[in-house]
Amino acid sequence: MSDVSADGATPTRWHRDKPGLGVWEHRGRVAIAGLGHSPVDRRWDGQSLDRTLGAFAAFAATEALEDAGLSLDDVDGVVTCPGPTGDPWAPRPYPGPPYDSEDGLTTVTAEWLTRRLGLPNVDYSVNIREGYYLSGHALGFAAQAVGDGRCNTCLVVYPMGNLPGRYQHSGEMALDRAEGPQQWMMPWGYYLSAGTRLTLVYREYCRKYGKSEDGLAPLATTLRRNGLMVPWGFYANSEPQEITEQDYLESRYIHKPLRMLDCDRPMNGVGAYLVTTADRAQDLRQPPVYVLNHVQVFGKARGQIPSLDEVESWTRLQAEMMWEGSGLGPGDVDIFNAYDGFLTLPQFTVEAFEWHGVKRGEAFDFYAGDISVHGPHPFLSGGGNLGCGRTRTAHHHDSVEQLRGQAGARQVTVRADVAYTGSGAPDLAGGLLLSKHPG
Amino acid sequence: MPYPVPVPDELSRPFWDAVNERRLVLQYCAECERLQYPPQHSCAKCGSSDRLGWREVEGTGHIRTYIVSHDTRIALKQPDQPFNVAVVTLDTDPGITFLSNLPGTPVDEVPVGAAVELTFVEAEPGTLIHEWRVTR
Ligand SMILES: [Zn+2]
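In order, the protein sequences belong to chains A and B. Here my numbering is used: the first residue of the first sequence is 1, the next is one more, and so on. Here my numbering is used: the first residue of the second sequence is 1, the next is one more, and so on.
No lab work stands behind these hints: they were computed from the structure. Misleading hints may appear alongside valid ones.
[What the hints assert, rightly or not] Calculated pairs, PhoX-like style, for lysine-lysine (alpha carbon to alpha carbon, straight line, at most 25 Å):
| id | chain 1 | residue 1 | chain 2 | residue 2 |
| --- | --- | --- | --- | --- |
| 1 | A | K300 | B | K45 |
| 2 | A | K211 | A | K256 |
| 3 | A | K208 | A | K359 |
| 4 | A | K256 | A | K208 |
| 5 | A | K18 | B | K45 |
| 6 | A | K18 | A | K256 |
Use the sequences and the hints to build the structure in full.
What follows is the structure in structure tokens.
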């Protein structure tokens with residue numbers, strides 16, 4: 001069984017993307033039962049076949065199965081966002097089977113992984129090709145599929161690839177002519193990235209609320225510190241140093257006011273999850289982490305560049321849908337892993353969710369207080385992409401680990417019963433509310 | 001400042017033809033009485049294509065926000081860094097926005113909120129691009 005429509009697109013009927021849908025019909029009946037993560041390299045070196053994106057996906061999946069206490073034949077569903085997320089390996093020569101195509105090097109399809117692992121019972125395979133579906137969307141998709149009964153035990157893998165050379169500087173970016181959608185952007189030096197699009201909005205935010213554009217410095221140091229406590233994290237393993245606010249403020253500009261240390265760094269690494277029914281999860285190795293709701297936001301700006309008003313309306317929508325579908329409210333959420341593809345993003349989300357009472361325009365004041373993992377407001381306790389590298393998995397892994405009480409050095413000292421985790425910029429967000437309790 | 005040259009297609013040709021005549025002509029849905037930019041095959045509001053036409057608009061706007069590009073992915077623009085990338089709202093309908101390098105405005109000295117007027121720059125001989133200039 002596949003779940004892709006005739007034109008190759010993932011169907012959208014699973015979306016929870018508008019208000020008025022009521023409590024999620026599978027609230028508390030679906031759980032995350034296993035976690036796995038590959039090592040994280042800055043780039044694939046082009047030679048080490050045990051460190052390809054495919055090898056990392058197999059590693060992460062195997063670890064997730066062990067974590068849950070499941071075997072290969074228990075898996076009947078595989079959901080992946082195969083990528084590519086960076087540049088292609090070609091025209092460089094392929095190393096040979098199973099790496100005789102981009103699959104396994106710059107993409108990991110469900111079929112490739114099923115073959116590689118030797119999963120005998122998979123009859124639900126989905127390759128989510130839409131680039132705007134990130135890991136949080138894939139987890140929401142899998143939770144809905146399990147709740148709907150399309151599969152019982154679903155392996156979700158999220159591969160992020162990065163190769164030698166400058167990330168996404170090739171292709172049409174290298175041309176002197178601007179075709180298709182580029183004709184409306186490239187002539188003025190603009191390209192699609194949350195680092196351009198939402199830095200423009202970030203500046204509008206600082207202006208509207210009278211906040212310094214240096215106000216993210218405490219968040220930068222905190223996320224690095226949190227990330228250094230993530231066993232698989234890139235910085236924890238490869239650049240195990242904290243950064244100071246001065247380091248952050250002195251990092252060079254990419255698109256002023258966006259600095260180098262506002263940007264997550266592209267990585268080669270894979271996270272894996274096992275999503276199953278709550279009934280099944282209760283008999284497995286780990287304490288179940290129940291899914292209370294999943295939501296998606298597909299914000300469409302009226303103009304070419306979203307306005308602050310639009311971004312705030314999308315994050316407000318995300319929060320409203322999350323409360324409606326889960327039956328919970330701001331005071332119920334203990335762990336808050338807002339997406340941080342860029343450091344300039346999380347304030348929009350935390351303010352909309354009013355986590356720990358943070359209202360519009362107040363995030364920087366909040367960051368200036370105690371947001372450490374062992375303090376009263378452990379914000380983004382997983383370190384996010386900024387603290388772990390751009391795998392888009394730290395948010396989900398930390399949320400599950402905090403609720404299980406297995407976050408190690410990062411374990412928060414406040415209550416950890418309910419977690420928000422998300423991925424994607426505010427205009428393309430996929431969020432979930434997770435809980436230790438099914439109801 | 002080099003500008004990558006836009007390649008008109010069937011949908012965008014009326015727009016670029018007008019730009020080359022130093023006019024700003026936007027898509028307009030007669031059903032919704034609403035302007036649209038960049039052009040699309042159907043109206044983003046009502047979804048219809050048969051009521052979509054073109055309408056010339058007055059070239060005045062305001063600067064909403066901006067960034068300064070120091071490390072762009074776009075090869076052709078790299079030699080001229082740093083440069084301004086501003087968002088201009090159209091006075092006729094501030095929901096319509098344009099990107100601009102604000103020719104004539106010093107780098108990183110962009111007066112946010114200031115009025116701008118339409119201007120045109122040459123991307124290559126015979127091909128104009130719409131740009132915006134701060135009104136003094
Ligand atoms: Zn219309």
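Against the structure, the hints come out as follows:
About 11 Å separates the Cα atoms of K300/A and K45/B, which keeps this hinted pair within 25 Å; it holds. Simply put, K211/A and K256/A have alpha-carbon atoms about 16 Å apart, close enough for the 25 Å limit, and the pair holds. Between the alpha carbons of K208/A and K359/A the distance comes to roughly 14 Å, so the proposed pair stays at or under 25 Å and holds. With a CA separation close to 18 Å, the supplied pair K256/A and K208/A stays within the 25 Å bound.
A hinted pair counts as satisfied when its Cα atoms are at most 25 Å apart, and K18/A with K45/B qualifies at roughly 17 Å. Restraint check for K18/A and K256/A: the C-alpha separation of about 34 Å exceeds 25 Å, so the hint is violated.
Checked against the numbered hints above, the structure breaks only hint 6 and satisfies the rest.
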